[in-house]
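Visitor: One-letter residues, chain by chain:
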Amino acid sequence: MEATSPNTAPPGSTNTIQPPSISQQDGNPSNSSTIQQESSSNPAQYEEQHVHTVYNEIAPHFSSTRYKPWPIVKTFLQSQPPGSLGLDIGCGNGKYLPINPSVFIIASDRSSGLIKFASQHQPHSAIIADTLALPHPRGKFDFAICIAVVHHLSTAKRRRQAVHAILETLSGKGKALIYAWALEQRDSRRGWDEGSEQDVMVPWVMKKAKRDLAEGEKNETTFQRYYHLYRKGEMEENVEAARGVVVEAGYEKDNWWVICSRGKGFEEGKEL
Amino acid sequence: MKVLTLNFLTCAVKACKTTSASFPLVPKECELVSDTIAPNPTLLTNLLPRVDWPALGSIAVALGFPSLSPLPPTPADLENDTKMMADLHTLLLETQISEGSLVCANCGHEYKVKEGIANFLLPNHLV
Ligand SMILES: [Zn+2]
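Protein chains in written order, with the UniProt record's numbering: chain A, 1 to 272; chain B, 1 to 127.
If we strip away everything but chain A, and leave its shape as in the complex, we get (with noise of 0.2 Å):
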């Protein structure tokens, strides 16, 4: 799933939401407000409501302004010599899978209506699983890319399962591009910077053509995606906490990514 969006509001129309993970962060549940206390009490749910629905209901629209690949993931992905074997783990529509046909992708997303434009790309295959709950043998894997797609979990205890789940499916050599939209973004439109909130609701705005539109119907519709936006080192910080090695990290275009591999404490089937 992707971050940057041509159809994201400018600074100040983005809402700020309470963190839903406050409670289980810092320890100290009598700060969280009912909201905090309900979506952390089922983040799942939460996800559920504010990620995979908007999803499905923007998924052709999503999917037809999504086609450029950052240069970041296509170096990665072109570099797997031919015959390896990798996931694509929340592939969206599928954008990364045409980029090198000389290797065998399995791509996942949660959202029925991305992956068939997933399944599209050969010599590929898309089937749909949650990031949380891989159906894939353990040590198995030579690279995996998870392209905005931890971003949307939101409890801090998710996203570091999340990256242990990615390190969990690679083999002893394997490695693992992450990539997550940055909280430090000052020169793009919505103007996030160091120091402000972190947990966020991100508008979609889906425009219907008029000759498409029913009598009475608003020519357009709003969405709200939530995101976590990674700050400076939080990446890295997830890796660790999985003990995975950070093997390169750097920033790109408004979003924060690291390639990582499993350390030498790594444990399968650990709970985070």
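Just so you know, the hints here were simulated from the structure itself, not pulled from any lab data. Keep in mind that the hints are not guaranteed to be accurate.
If you want the footprint, here are the derived chain B segments under chain A, 3+ residues with CB under 8 Å [what the hints assert, rightly or not]:
(1) 58-66
(2) 70-84
Keeping only pairs whose Cα atoms sit at most 27 Å apart, straight-line, the calculated BS3-like set for lysine-lysine is [stated by the list, open to error]:
(3) A/K208 to A/K74
(4) B/K28 to A/K270
(5) A/K207 to B/K14
(6) A/K270 to B/K17
(7) B/K28 to A/K173
(8) B/K14 to B/K28
(9) A/K253 to B/K17
(10) B/K28 to A/K140
(11) B/K28 to A/K116
(12) B/K83 to A/K264
Listed next, with one range per pair, are the computed distances between beta-carbon atoms [claimed, not checked]:
(13) B/A38 to A/G263: 34 to 42 Å
(14) B/C107 to A/P101: 18 to 26 Å
(15) B/S58 to A/S41: 40 to 48 Å
(16) B/E31 to A/G263: 40 to 48 Å
(17) A/A249 to B/T36: 37 to 45 Å
For each residue, glycine too, the CB sits at the ideal point set by N, CA and C.
Assemble the complex: chain A is given as a structure, and chain B with the ligand must be docked to it using the hints.
Guide: Below, chain B with the ligand without anything else, positioned relative to chain A:
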């Protein structure tokens, strides 16, 4: 859902991951279709050592194909025998499960395949 893909899938239930019974998932009441996919001998030759051959054999039989040879072909076999390469390409990449279920032999959970796409989202009680 390609036959090759089944070799890299297991049950999504965490407790099943450590049991050998959860792999491979067992195809049940599956309808097959055939796609035309451009052959890529290098991809297949390099990928073959990663394929669990006995698991592939049991899946092939469950889907109604004849038994495979007891051992996987070597890169030399594949290079010298274009028919063997073509057959493997057809079985692994072109044969698709369009409808049916994949069953975990450990917990019994059935994952549905619809319009060629398998759904591994778990019901709440299994998460
Ligand atoms: Zn199972």
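Visitor: Taking the hints in turn, state whether each one holds.
Guide: These are the hints, each one checked on the structure:
no.	hint	result
1	58-66	violated (count 0)
2	70-84	violated (count 0)
3	A/K208 to A/K74	32 Å, violated
4	B/K28 to A/K270	32 Å, violated
5	A/K207 to B/K14	41 Å, violated
6	A/K270 to B/K17	12 Å, holds
7	B/K28 to A/K173	35 Å, violated
8	B/K14 to B/K28	22 Å, holds
9	A/K253 to B/K17	38 Å, violated
10	B/K28 to A/K140	25 Å, holds
11	B/K28 to A/K116	23 Å, holds
12	B/K83 to A/K264	44 Å, violated
13	B/A38 to A/G263: 34 to 42 Å	39 Å, holds
14	B/C107 to A/P101: 18 to 26 Å	36 Å, violated
15	B/S58 to A/S41: 40 to 48 Å	43 Å, holds
16	B/E31 to A/G263: 40 to 48 Å	44 Å, holds
17	A/A249 to B/T36: 37 to 45 Å	42 Å, holds
The earlier numbered hints that this structure contradicts are 1, 2, 3, 4, 5, 7, 9, 12, 14.
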